[in-house]
Amino acid sequence: MTVVVSLACVAVLLATAVVGVAAGRHSAGRPLVYGLGLVATVVAFGSAVAALVASPATAPELVLPIGLPWLGAHFRIDALSAFFLAVVNLGAAFACLYGLGYGRHEEAPHRVLPFLPAFLAGMNLVVMAADAFGFLLSWEFMSLASWALVLAHHRDPENAHAGYVYLVMASFGTLALLLTLGLLAGPDGGYAFSAMRQVGLGGGREAGMATLVLVLALIGAGSKAGLVPLHVWLPLAHPAAPSHVSALMSGVMTKVAIYGFVRIVFDLLGPSPWWSGMVVLAIGGASAVLGVLYALMQTDLKRLLAYSTIENVGIVFVALGLALAFRSNGMELAAALAFTAALLHVLNHSLFKSLLFFGAGAVLSATHERNVERLGGLIHRMPATSALFLVGCVAISALPPLNGFVSEWLAFQAVLQSPELPQWGLRIMVPAVGGMLALAAALAGACFVRAFGIAFLGRPRSAAAETAHEVDRLSIAAMAGLGLLCLLAGILPGTLIDTLAPVAELVVGGRMPAQQAVDWLTIVPIAESRSSYNGLLVFLFIAASASLAVLAIHRLASRALRRAPAWDCGFPVPTPNTQYTAGSFAQPIRRVFASMAFRARERVEMPPPGDPRPARLTVEMHDPVWDWLYAPVASAVGWIADRMNRLQFLTIRRYLGMVFLSLVGLLMVIALWP
Amino acid sequence: MGDLTFDVAHMLAGGLVLLSFVMLYQDRLYALLNVYALHAVVLAASVAWQAFAQDAPHLYVTAAIALAFKAVVIPTSLHRIIRRLGIHREIETVGGVGPTMLAGMGLVALSLAVMLRITPEAEPLAREDLAFALSVVLLGLLMMVTRRNAVSQVVGFMSLENGLVLAAAGARGMPLVVEISVAFSILIAFIVIGIFLFRIRERFDTVDLHALDRFRGERR
Amino acid sequence: MALILDLLVQGAQMAVVLLLAPLLTGFVRKIKARLQRRRGASVLQPYRDLARLLRKEAVVAENASWLFRAAPYLMVAATWVAAALVPTFATGLIFSWSADLIAIIALLGSARFFLALAGMDVGTSFGGIGASREMMIASLAEPAMLLIVFTLALTAGSTQLATIAELFTRPEVGLRVSLGLALVALVMVAIAENGRIPIDNPATHLELTMVHEAMVLEYSGRHLAMIELAASLKLLLYVSLIGALFVPWGLALPGTGGGAYAVGLATYLAKLAVGGFLLAVFETSIAKMRVFRVPEFLGAALMLGLLGTLLLFVSRSL
Amino acid sequence: MNGLGFDAVAAVLLIPLASAALLVLLPGYRLTARLNVLASLLTLLAALSLLVVERPAAGPYLLVDDLNIVFIVLNTFVGFTTSAFSASYIGHELETGRLTPTYLRFYHAMYQVMMFGMNLALVANNIGLMWVAVELATLTTVLMVGIYRTHEALEAAWKYFILGSVGIALALFGTILVYMAARPVVGEGMDAMVWTVLLERAAGFDPALVNVAFVFLLLGYGTKVGLAPLHAWLPDAHAEGPTPISAVLSGLLLNVALYAVLRFKLLLAANPGGIATGPLMVTMGLASVLLAAVMLYRRRDIKRLFAYSSIEHMGIIVFAFGMGGPLANFAGLLHMVMHSLTKSAIFFAVGHVAQVKGTQRMSEIGGLTETHPWLGWSLVLGVVAIAGLPPMGIFMSEFLLVSSTFAREPVLTVILVAGLLLAFGALLMRLNGLAFGEPKGATAPVHASYVPMFAHLALVLAAGLFLPGPVVAWFQNVAALLG
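Protein chains in written order, with the working numbering: chain A, 68 to 741; chain B, 38 to 257; chain C, 431 to 748; chain D, 1077 to 1559.
By construction, these hints were calculated from the structure, which means they are not laboratory data. Certain hints may be false.
Keeping only pairs whose Cα atoms sit at most 20 Å apart, straight-line, the calculated SDA-like set for lysine to any residue is [unchecked claim]:
no. : chain 1 : residue 1 : chain 2 : residue 2
1   : C       : K486      : A       : L623
2   : C       : K486      : A       : R622
3   : C       : K486      : A       : A624
Here chain A stands alone, though its shape is the one from the complex:
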């Protein structure tokens, strides 16, 4: 039933893409495409949630006579797919709503409208597919559609480059996944997921193969999710696309990649060795810390958000690694806790990252400016946008009572289960990774104080920022909806956790204690004596005591308020240049961390006394991953290409020589053949 509905929605989306091709340049195209997309995604979201809540024990499998001829296209929606389907379509629906308004500012609609619905359809299909071919086909189709969207403003050479790097990395990942699935399917092609699952359950895979599958899956899915060191494309490609597409890529597509990883490693591969958790933990922790450090160094608002996506993906993978470790040691309860934390963070991140990208898009359309150094003071001109952006910032900084905190709190609770682990390596490693998680969270706080403070607070740093004005209602509506969801997910986590229970049960074979049982909507991961959190109460307390304070003050104290020039310690300077810039804000943290992480160097050129020239401070930073991993490969390819290119310029005689030599060589083979 759900499968049929979802496939119908996908069909509608594909049809919408065709409409987009037809009506791309027409003014009616925008409302038509986004409207249809909105309807389709909302319906798909509803059916997915229904499937998740109902969560039948055996999900029916639908086989269409397309795809691999002798296999057909298998579609199946179990609890896992249902959850990710819900995430995908929720984000998609809000993106469509936002696009209805934001699309008005699009200068090349004919390069967006056809591909956006195709992109949505691709993401839906990946989650639904139940055979290797369908999975990879929709996976790569998704990449392809998003590539076209990245190239929407292709005249900008940066975007063209971004698109290039993006698609190459994407197909690199796809090839890795292709090898993975080929390995799982075996030489005689058992491409249906059900078949692979059987082999996995039968324990038909030896350790070496499991290792290979794990590594390849980590490469394949990780390159799409943006794990360090496969992240280089992400901060290029995500900002290049139109903002609602960036939101989709950052907020939703990375989740589809996570789905791929979970599906392959948790579901298809079957039991995995205990240290597999360590690998995932290490990579996840590294991505979390490095991602947010990168983000702290950015001045481009959208690129900053993209880097913070890397951080959040890292957090999810840390939780997944914990789940793997617990599961391989038969600790279902702890595994369920960790896995639920991962799922919750997937949902939360898709919510607040979309919200933040929408905000960035609003700023972009209001000021045509992505560089925070040229923004500022927007809180006065775009009150609604800035308030909602603030909500997003609080949520992503993992501060109570919003949703970001809940998932990180659960992750910490999972970390605290580590003493029960039998292996020393894990016991030592898990708390260390927990520390990295905490570090990432704290740095995220700094990062988003910086982002919001520089872009929205203070005094405008450019004419564009000064003349900015609020964006249209639909965009604000989309952002408001997401903000509300962030709050709800923050104060009512218990219901979410219960909804996710079937997923955890399906994947790790255990579930967290049911949360309705606990009174006052508290969440209790293990037992109340151990830990508990009540977002609702915290929220109410803060609200109550804040209003109490306000009330008391306004009753007892003077209400007099006088507006005056800023005091600024006695010597205020009118020009806004005296404000702290993003660069200067990041300086202390740069000195502490980046000097080792990015080999950041500061150079001060101080003109001699009497010289009117201003002093200059130049900071140079290197991305170690790029320097040590990608640049060498690229230069090696270039070098080989140059050497080999001589073959194009030989004389005919030399070509004959090549023929002659290969003939002689083969004859020798024959002569020496036993």
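Please arrange chains B, C and D on chain A, whose structure you already have, making use of the hints.
Chains B, C and D only, in chain A's frame:
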């Protein structure tokens, strides 16, 4: 008759190989052409002998073709071309003559090593013939590789095809298809080469392939 | 009936922290003054200051936004809620399970978040300095704090303050290396978080060194009062946190009669006094360090926390 | 009754021959172009009729079986679409004066002769006849590559001719050797050259002789397949000849040569003492893939770029057949069909692009999707397809190939994948410059014939999503045939 047949055939085929070596050794175009003509004559003889030995009359036709075209027509016309293009100067071989000869030796050894693996029940005549034919083919190819001059490359190619004809003739009872195809291919090859040499002369004043190499597709 | 009693206790707790906070601040100032052979202001001076600030009109910079005016109240609220959840004189408060130690730290984090934003709101250079330094300090202090929490929680098998405190009252816990390390780290973090010497000097306005004061430079009147209150609440919170975790004796267990509560209150006051005294002594006996040496100080705390966590396994395996 | 079937075969051969004779006589390019299209269409219909009518029994000269009928239908279809494309293309060439009417007459006649040669090579049941046919096709293409008579064209044709005729010679030697091997078993005369006979008696052949024969045949026909290191003629021949010829070369001639190699592979597989042909083919395939992938990076000429991509794909196909096994063979067949369709479609697009921009240098072409949306996007589509991205057919074949071979030969497969990725990077880099970015070069409107291009792309797209059952069954038993 066995022995005598065998010996003569062997002698002629060996003579072809020898002549191929002589061609490798030559470094003047005219001399090269003359040796080539001789090569063709010997070929014709051996084919004719095969025709007699296998009493397969159609092979006489092949022999005639070989004699007519390869020993007369082609050398004379190539003479003409050379004269027209005025390139009767020395041809620089790539590696000196010595190494080339050594390489040729190696090739002959290789072809023997390959061919003598054949089970002797395929009767020796064919076996030996094949060995020689293969070496002639390889030597022709070697010649094409070690000469810088278009005409000598063509000659090398022709000697290579002589080797083919030798093999074909050695193949007892091989249907007419082969001879026709051989003649046909020689014909086409010759015509097209003629056209090309003509055109090439029309465009550049030499057929030395260096001139052609200037026109690599993708000049920097 | 029991519920009402519990509510009463909880209410009392909230009132107590609110009332005692300025007193602790004043007490510390007084002791410092004495140690510096000054007479010093009265212990009650902070109350007077608050009252005065409340009476004055608030002067707000022209381009200050609503955030600037809302932040103080949010700070007070968050800090107050956090402080209300730390067992001061009694454990097992009725709402103590609504947030565990991690959540309390996060609450303080949100308070800091809004303070930093408020500092940047007016768009002065000092606000920026303060905010950026504060976040840098926090980015090291928070992980350190969380590692300390790991140490405690892994020892007690819980992140619930009440549970930990109750557990530590028992003798079988005994002395542990990792707990000692955790204590040292916690003290260092507490000093950093409260902007005391050597990290920051609450009494100075010397722009090169100040962190907290730089952020609140633009505040005046009732807003400033709120911020001062929040600051002293935070100090109180940390002192009572250390007290509840490492000298948990005398805490009134739930259900025990009024006498126990009286004892708990008395011991609590004693703990505050000792803590304040030690703080004052420490502050007078050490010099303020340069801002860029702060990371080393906090890095040490971080390392200690991690070390504590790892040593835990050793001591466990013993 | 099979007389009808035989007539169909005869038609496939005679229509091109007759029309060639006719086209030589007729002046005027419009008429000849139309006739050319008509003749190709008739040939196609005749070939299609082979599918329905009962197949003729294998005679001493002609044979139609599951294996070659795939090739025949594909051959005639692409031949037809290409003739349609060339009609519009050549018109433009005539306007710009790159071709003169006299040459044009010759061009159309040669086109038909070439089609005749290729069809003959495919239906031949006789190794001698097949050899003749392949050479005929080669030599005609040589002449057509040189038709522009520019320095580059002549040089490319000369190179093609020399290398090609060496290939001819080697192939002939191989053929003779096969006869020699067959003679003791089959007996003298024509029988010893007939496929069907050879195949059933192959077990008794002298292994050593067959091995040597296969070496010569692999090199001889491999030269035409464009396998590294015998590929040298291919890029220049593609780049300098008229674009329809490039399309035919990539789409058809390579396949015909490949078909010959496959036939002899079967022969060798049937012989117990024969060398394992798999490793040889896999090695050459991988060599071609890697070489082409690397060479793609420094290309400046758009047609040469896609010529190298043809080498790459031929390498993939040979790799697939070398690996063997039902899945890999299926993948190889599918890949071959998809490649001919896609590559010829790309050449159609490229031809028009080159005509519009008046150059083949990629540095002078840019932003096509802005200036010529239809051309630009179809080029994008073609490259996406050729790069093996879904939902196009090549994705399916590459999926099958890689996923089925990885478990068997991990190392080789990883090498192949590396080659694929390299080539993908190069193609995409060029595509970025050609289709996107600031427009460069002339922006004159183009009068192009989109129908053939879109027909091909539509087929490729359809195949990527849904292969009809009969086709699959047919491919499957051909794959089984190939062992």
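Results of checking the hints against the structure:
no. : hint              : result
1   : C:K486 <-> A:L623 : holds, 12 Å
2   : C:K486 <-> A:R622 : holds, 14 Å
3   : C:K486 <-> A:A624 : holds, 8 Å
When the structure is compared with the earlier hints, no violation turns up for any of them.
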